[in-house]
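Protein chains: 2
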Amino acid sequence: MPKRRLMTPGPTQVPEQALLSLARQITHHRTDEFRSLVAEVLDGLKYVFQTENDVVVLASSGTGAMEAAVVNVVPRGGKALVLESGKFAERWRKIGEAFGVEVIRYEVPWGERFEAAEVARLLHLHADVVAVYATLSETSTGVGHDIEAIGRVVAPTKSLLVVDGISSVGAMECRTDTWGIDLLVVGGQKGLMSPPGLAFLAVSPAAWRQIESIDRQAFYFDLVAYRKALAAPDTPYTPAIPLIAALAESLRLFRLEGIDRIWERTRGLARATRAGLSAMGLNLTSAFPADSLTAAYVPDGTDGKRLLDRLEARFGVKLAGGQGPLKGKIFRIAHMGMIDELDILSALAALELVLVELGHPVALGCGVAAASRVLAERADVAHQQKTVCGATGAAFQENVF
Amino acid sequence: MPKRRLMTPGPTQVPEQALLSLARQITHHRTDEFRSLVAEVLDGLKYVFQTENDVVVLASSGTGAMEAAVVNVVPRGGKALVLESGKFAERWRKIGEAFGVEVIRYEVPWGERFEAAEVARLLHLHADVVAVYATLSETSTGVGHDIEAIGRVVAPTKSLLVVDGISSVGAMECRTDTWGIDLLVVGGQKGLMSPPGLAFLAVSPAAWRQIESIDRQAFYFDLVAYRKALAAPDTPYTPAIPLIAALAESLRLFRLEGIDRIWERTRGLARATRAGLSAMGLNLTSAFPADSLTAAYVPDGTDGKRLLDRLEARFGVKLAGGQGPLKGKIFRIAHMGMIDELDILSALAALELVLVELGHPVALGCGVAAASRVLAERADVAHQQKTVCGATGAAFQENVF
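Chains A and B, in that order, are what the protein sequence lines are. Each residue of the first sequence is one higher than the one before, starting from 1 at the first, in the working numbering. Each residue of the second sequence is one higher than the one before, starting from 1 at the first, in the working numbering.
So that you can see chain A by itself, here it is in the shape it has in the complex:
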């Protein structure tokens, strides 16, 4: 039996502490004990999201929280601007259409990035747009969008900025308050290193004003009920109790390492991965890659499905393939959460070996070497060692440095 090495851009590996907490017997949720756990989780989420806005916790997948960010904000017949460039950005439009929202589309080809100037132009043209729907990292293409720039052009308008950060918040830089994100949507099973089944929304005061002013097509996802429950803090319906306990464990690790350092570490892993893949002669899918995952084309003449199957069967390395029009054409590798330097080097080594096995010429070791060179230059490595030392005792500190 090969070891399992989950390296898909969600779900991601969950830390041991969090897994073990899942094995505890269920306790009741209408208790002071559970309410203080929820309070801790909300504090932790605010820290990771870099926000002072309210955060609500839903028992649903990320798509449920996306729906909440539509039906609570834009009434039937209201107007939304959707920035569309990939399978997940598409979902914003489809949700809007399902609830009678008039969707203005700003579409760019898959793999491309949105221009803030075009967003500004469209908002000028459609001054009655209630909200702009954007994506931080488009997992289907591996693109990282410049939300900071988009935030700057949305801020002076009356529109709210809603961002799907499901697949990367906790790994890729996201400054909710500084960038002016009114509604941030996040999933538990990606950068937050938790099991799937929880989703989150950070809601700004301006977003609350809009939410409370409209006729919401919602019951389970009616955010006003969740806002009321924050007084406890609590949830209006039975929460996914063990998943919240696991999330609390994962969030403690964020405080321990520090969110800025995590962003920097993720950036370093992304650079190393890209360098490795490029050295192997593979083409990346985008010139604007996200920090949380890297997507690359399967080389011509190689069967994409076989590549992934062999990686898993021979090495236990589980990567993701492409979706929609990219099915069979690309593979995607995550570098977020628990995934560390040696995981990336191992995955690159596995890729080299499987490509050679499948008859594609690769100089063995070239990808690993290129990635290692990037890792050798990482500015944050010294800090990381220091943290480890701090944890095991100051006495060792001198020896390590």
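Source of the hints: derived by calculation from the structure; they are not laboratory data. If you're wondering where the values come from, they're calculated on a predicted model, not measured in any experiment. Every residue, glycine too, gets a C-beta built ideally from N, C-alpha and C. Hints are not guaranteed to be accurate.
[To be verified] Straight-line Cα separation of at most 35 Å, DSBU-like style, residue types lysine-lysine; simulated pairs:
(1) K305/B / K329/B
(2) K318/B / K228/A
(3) K318/A / K46/A
(4) K94/A / K158/B
(5) K94/B / K79/A
(6) K228/A / K158/B
(7) K46/A / K305/B
(8) K46/A / K327/B
(9) K318/A / K228/B
(10) K228/A / K305/B
[Claimed, not checked] Where chain A lies over chain B, by a calculated footprint (3+ residues, C-beta under 8 Å):
(11) 5 to 12
(12) 22 to 29
(13) 91 to 99
(14) 187 to 195
(15) 209 to 222
(16) 238 to 244
Given the coordinates of chain A, work out where chain B should sit on it, guided by the hints.
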């Protein structure tokens, strides 16, 4: 530290096998391995629900599945008949109102039961009712409704029968197909002995025809997407992977004991509990009690909150209080899932001791004795021992009997 003895009517205790499965590292869901786990879970759910209808799995609390059973069935402006008698039945109406459904109410006082004849009369009066919304066990009052009788009067009409079985399916008798339930809504964290975070719907062919014919106010809960995914079988959005693995473990226990025997055992525990409480001089909240939980009034002059607090602090016995107008006035004790004969006797003994501690006169041991007398007569006990013998080896069988 007192032991924890969770005896609330949801969440309920989860079997050890299921808890341990939660502690396994996350695996990806778009794999043959996960699809065969989903197939096993769907088979197990069909067995427990006693249905050959499709079953879909949602990542949400039970309320999410209730919403799905409304927005997929009754279009905006369509008519629904809601049988209302308690906090959870009320929720059917509130969901309908949130989505512009015209709700006809058949209301009976909390603690009372619906008359099938009145349902028939109302359906005759409102022939355009798309669906009747009923509740199997109303957890807020402890009432068990006669769904079989209601099914008989709905069957000859054009209306669909939708039943909230969230709080008791898996413990209390529910014959989905025989009783003509078109949409059965179930939650994971009650009779199914699983962690909260999953909900289920069993959907009849007639319900599918209605669902596919209307303009559904739904995206995350759009059941057509879930129906398509059943071909794999799969889910349209990321499932709560570990919760599904845990559910698979719990469902295996249902096959092992047999659903008829579980219903009978639950009925026996309910009878014993009621006998025990009555012998202690306590009044039950309803003449139509559910099998899955028993609700009784806190005796006059006793503080309901203190009663529950002391039960938990002194004995670790966690019961539920009342909701809405019954807050502080009743307590509710579950006898479903993992809860067995000795748990019930222990809880009754604890209640006796705490009532005495709080100054309410109870003859110590009278509740336990009355409940024990019921348990001594249980017809299914011999069968249960036989099963245990069968599991450990036929050689022991003769010695035990």
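(message) When the structure is checked against the list of hints, which entries are broken? Sort them ascending.
(response) Of the numbered hints, just 6 does not hold.
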